[in-house]
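There are 2 protein chains.
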Amino acid sequence: MLGLMQQWPLLNHKILDHAATQHPNREIVSRMVEGPIARQTYAEANLRARKVAQLLEREGFCAGDRIATLAWNTGRHLEAWYGIMGIGAVYHTLNPRLSPEQIAWIMNDAEDCAIFVDLTFVPLLEEIAAQVPTLRKVVVLTDRQNLPPSTLTNLVAYEEWLSEADGDFVWKALDENAACGMCYTSGTTGNPKGVVYSHRSNVLHALIASLPDSMALSALDVVLPIVPMFHANAWGIAQSAPMTGATLVMPGGKMDGASVYDLLDTEKVTFSAAVPTVWMMLLQHLEGTGKMLPHLKRVVIGGAACPRAMMEKFSRVYDVEVIHGWGMTEMSPVGTYCKLKPETAGLTGDALFDLRQKQGFTPFGVEMKVTDDENKALPWDGKTFGRLKVRGPAVAASYFGGVGQENFDAEDWFDTGDVAHIDKNGYMAITDRAKDVIKSGGEWISTIELENLLIGHPDVAEAAAIGVYHPKWDERPLLIVVPKHGKSPKKEDLITFMEDKIPKWWLPDDLVFVDEIPHTATGKIQKTTLRDQFKDYRLPTA
Amino acid sequence: MLGLMQQWPLLNHKILDHAATQHPNREIVSRMVEGPIARQTYAEANLRARKVAQLLEREGFCAGDRIATLAWNTGRHLEAWYGIMGIGAVYHTLNPRLSPEQIAWIMNDAEDCAIFVDLTFVPLLEEIAAQVPTLRKVVVLTDRQNLPPSTLTNLVAYEEWLSEADGDFVWKALDENAACGMCYTSGTTGNPKGVVYSHRSNVLHALIASLPDSMALSALDVVLPIVPMFHANAWGIAQSAPMTGATLVMPGGKMDGASVYDLLDTEKVTFSAAVPTVWMMLLQHLEGTGKMLPHLKRVVIGGAACPRAMMEKFSRVYDVEVIHGWGMTEMSPVGTYCKLKPETAGLTGDALFDLRQKQGFTPFGVEMKVTDDENKALPWDGKTFGRLKVRGPAVAASYFGGVGQENFDAEDWFDTGDVAHIDKNGYMAITDRAKDVIKSGGEWISTIELENLLIGHPDVAEAAAIGVYHPKWDERPLLIVVPKHGKSPKKEDLITFMEDKIPKWWLPDDLVFVDEIPHTATGKIQKTTLRDQFKDYRLPTA
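Protein sequences appear in the order of chains Z and D.
Each residue of the first sequence is one higher than the last, beginning at 16 in the numbering used here.
Each residue of the second sequence is one higher than the last, beginning at 16 in the numbering used here.
Treat the hints as calculated values from the structure; they're not laboratory data.
Hints are supplied without guarantee of correctness; some may be wrong.
Note that the list lumps identical chains together, so a pair holds whenever it fits in one copy or between two copies.
Said to hold, decoys possible - Computed cross-link-like contacts, DSS-like style, restricted to lysine-lysine with a CA-CA straight-line distance of at most 25 Å: (1) K398 <-> K306; (2) K487 <-> K550; (3) K269 <-> K439; (4) K454 <-> K269; (5) K328 <-> K516; (6) K328 <-> K398; (7) K187 <-> K384; (8) K450 <-> K550.
Construct all of the structure, not just a fragment, from the sequences and the given hints.
Structure, rendered in structure tokens:
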């Protein structure tokens, strides 16, 4: 017996239609790549997205076509997304921080047939376009006046192009399981792998990400997604904000402290989301200028673990709630948010920050477990760590082209590649990446805990822990340390500093000082490079 | 091209599993029908719901079977719902306020094959069971000691029955479009019509109803659903509370002011939902005792228009945010909530209460429009009223047995039978029921506005407006008034009171005083009865 409820497929364009109907005059404020601040409403964005759809269809693009975007967060980028999805095509966000070779590889793997590109990235695209034979249209997200001379063919200025359409376009009726978006994971090993979102997964994700214990978005919020749309869908904000009628403030390409502060202040932003590096720049700007954050209420910090000192500063100095979040490109990306529960709401001082350092608990729609290497579920005791696996309607079931099948099991559990423990209250804490964890005599040592600990030392700027060969224990920890400018910490002092804070057998067998640690395009420590660099390192204990 | 995301069907039991996994120790507190307060956790409720499922399956019940419940809001009722849904069967809530004949008719229409019944309603069931030949199992929601002698056969005490199972039951893998629940609309004309919810519609509804601009439920909330589960799914709380990990406080059968206050206070309830009548009793109790509401933060009031004086009292005396809600059994039931937007957030005093008197705006997932009788969409100008029509994934597409098809059009718009206008900010206000609206010379007069206006007079307890025959205007308004106890208002004074507050041609042509106005089982004024009673009434103007 079936229910007798309406067939109302979950489609992205319904989100923008809802915004245009219920919140027509709410603004999308953009710091344009050209410089000035631009303002438009959801009603206008809806019309312009329809123009994009109308033009794409007119030019022969159709359902299933992959259409790339290489752009910062702006209203134009957002319109392009919805326009692409509205004909059943697939937006494919490219990360400009990847190397030109990687971008070309990804575009060829996805067989992108058109691209929306910011002025900033036209030179980059000129470098690679010839290597992407499927590419037959380039739309530069600017107007005619700002269009630079270019070696690219089939190039058009977005605003000029849009003027050829009237927006009288009916969104395509689509299967909610149709593909709508693509994003490649920036793997540290092997080729990048494509994640293919569906309309259904995007809409469900937007609902889940807007709940009170997620981002808690309402029509009264003013949301600044600093996390780029090419970084795991701007963590869902490009859908959640129009879904809830929140005002959107798009930072364009400027993420320095002064520019971010300027938007926070001028636009009275209440909620923002970014990686720790961005917040570090903001906090430095605030400290340098003595400015405060009277409007900002809460920030989600993810992409990398948020340093405790940063959380404390936000909370104690600026009265901003810091919500640790965790997710992955494969998860659309939401996995957990570190919000309070009755069991933890009474915590204060250090105990509260201990909790906030965890990645948090799952909303409805995300299932998680930690397992050992034999896939046996481990207890939720806050200390037993294992492989973190997840399941849900916005979690990938496979990668584009069928690669990487080893990450998915028969019951649909996706192995995140993270190592974590979960406490009795359901709070998960990442302790490592599975490929980074140090296996010493069969026992696991968390490299992240070692690194976080050492970063707490006043003379240390950055630290990376890797396992290196040991004849007795298979692997033992080596710590690679970048001292703070002008400081020369002693090896022994750093070991002493760590001594009483971790199990004795976790203490590194050696420590080396370097000027710089290599990073990936998304700002993570490139452990493969380090392991390569130190593969013949002989520990003093060996 | 399809997305490559997980197939993760939206099923109700995943809600209870999420609660049991992420919020295992959060409580469901119930005022039992037997009297005492009972406490259980979501983990316990999940186990007991699995026992219900295990036993139903063991006894031969299967997917698609309709299983009735005739019960107050308690933890047991909730477990029964999830247990029923967990084998793919269909919970069918019966409204005990209907007449025995109506209940028997509904049970036969649905072909209920089992029933979970509260002690309170055993006598009622004894009266009708013989008329329902499909009924083969009666579970009384109590324990062995409290089981009364009964004429019913196949009767068992719930707790004794549960003790026969161990709960080792795997929820059935189901199509998310499978039926999971049923509720009949209590029409004032014709036979009741069955609405059949699907797993998908329930889960989407729970997400939508939990959003910040809906009920805004979080794990820190303590939620008291006074609105019964048999009244349009307790407005979604039976799903939204476990979905978000909110503590549930179930009031059983006691909705008097003292009992409700007792739970609000003892359990530190932060959020509640009920019809105006219940709140009236609570406010009277508070005024009589001088008690306050330090824990309660917000209440949703729906089912009938909330008197303005009630809203003001909640806000000004008790610092409780009153959220007007509107919905229908056919809508699962959520339609709108009257929350603030940037356009209205600055309102204060009377202007704020003017706004709050409206039914509010739609969340994502509910589409609405007002049309004239020719289905032409009317402007959102805050005054042009017409038929209110809705669409969405939790809106009915048809009724059980295919009756009432005239309420649905080819584009899936459901005609709510309400008459409303929508303002430029998207706020909808119900002005009448379509069948009640007075058509005077082709123009519509809102009976609800006339009634609300007159209720504001200090001597009036209740008022009902109906249209009666007029030779020139077809219909003209007649007001039927119940004076407050001990008061004898004059007809002319009441007309004068109304004069400058509505268009002159809306003023009633006459007014009659009565001792009582008839009501439906859900507390609405029985206008059909009144129209029948006054069908030969001769207006002085005729």
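>> As a check of your reading, is K328 near K398 (CA-CA no more than 25 Å) within one copy, between copies, both or neither?
In response: Answer is neither: 27 Å inside a copy and 51 Å across each miss the 25 Å cutoff.
> How would you label the pair K269, K439 (within, between, both, or neither) given a Cα cut-off of 25 Å?
Replying inline: Answer is neither: 41 Å inside a copy and 35 Å across each miss the 25 Å cutoff.
> Can you tell me if K187 and K384 fall within 25 Å by alpha carbon in one copy, between copies, both or neither?
Replying inline: between (38 Å within a copy, 21 Å between copies)
>> For K450 and K550, with the copy left unspecified, which applies at a CA distance of at most 25 Å: within, between, both, or neither?
In response: within (15 Å within a copy, 82 Å between copies)
>> Checking an output row: K487 and K550, CA cutoff 25 Å. Within, between, both or neither?
In response: within (17 Å within a copy, 99 Å between copies)
>> When Cα atoms must be at most 25 Å apart, do K398 and K306 count as within-copy, between-copy, both, or neither?
In response: neither (40 Å within a copy, 47 Å between copies)
>> For K328 and K516, with the copy left unspecified, which applies at a CA distance of at most 25 Å: within, between, both, or neither?
In response: within (23 Å within a copy, 56 Å between copies)
> How would you classify K454 and K269 at a CA-CA limit of 25 Å: within, between, both, or neither?
Replying inline: Result: close neither inside a copy nor across copies, 41 Å intra and 60 Å inter.
Of the numbered hints stated above, those contradicted by the structure are hints 1, 3, 4 and 6, listed in ascending order.
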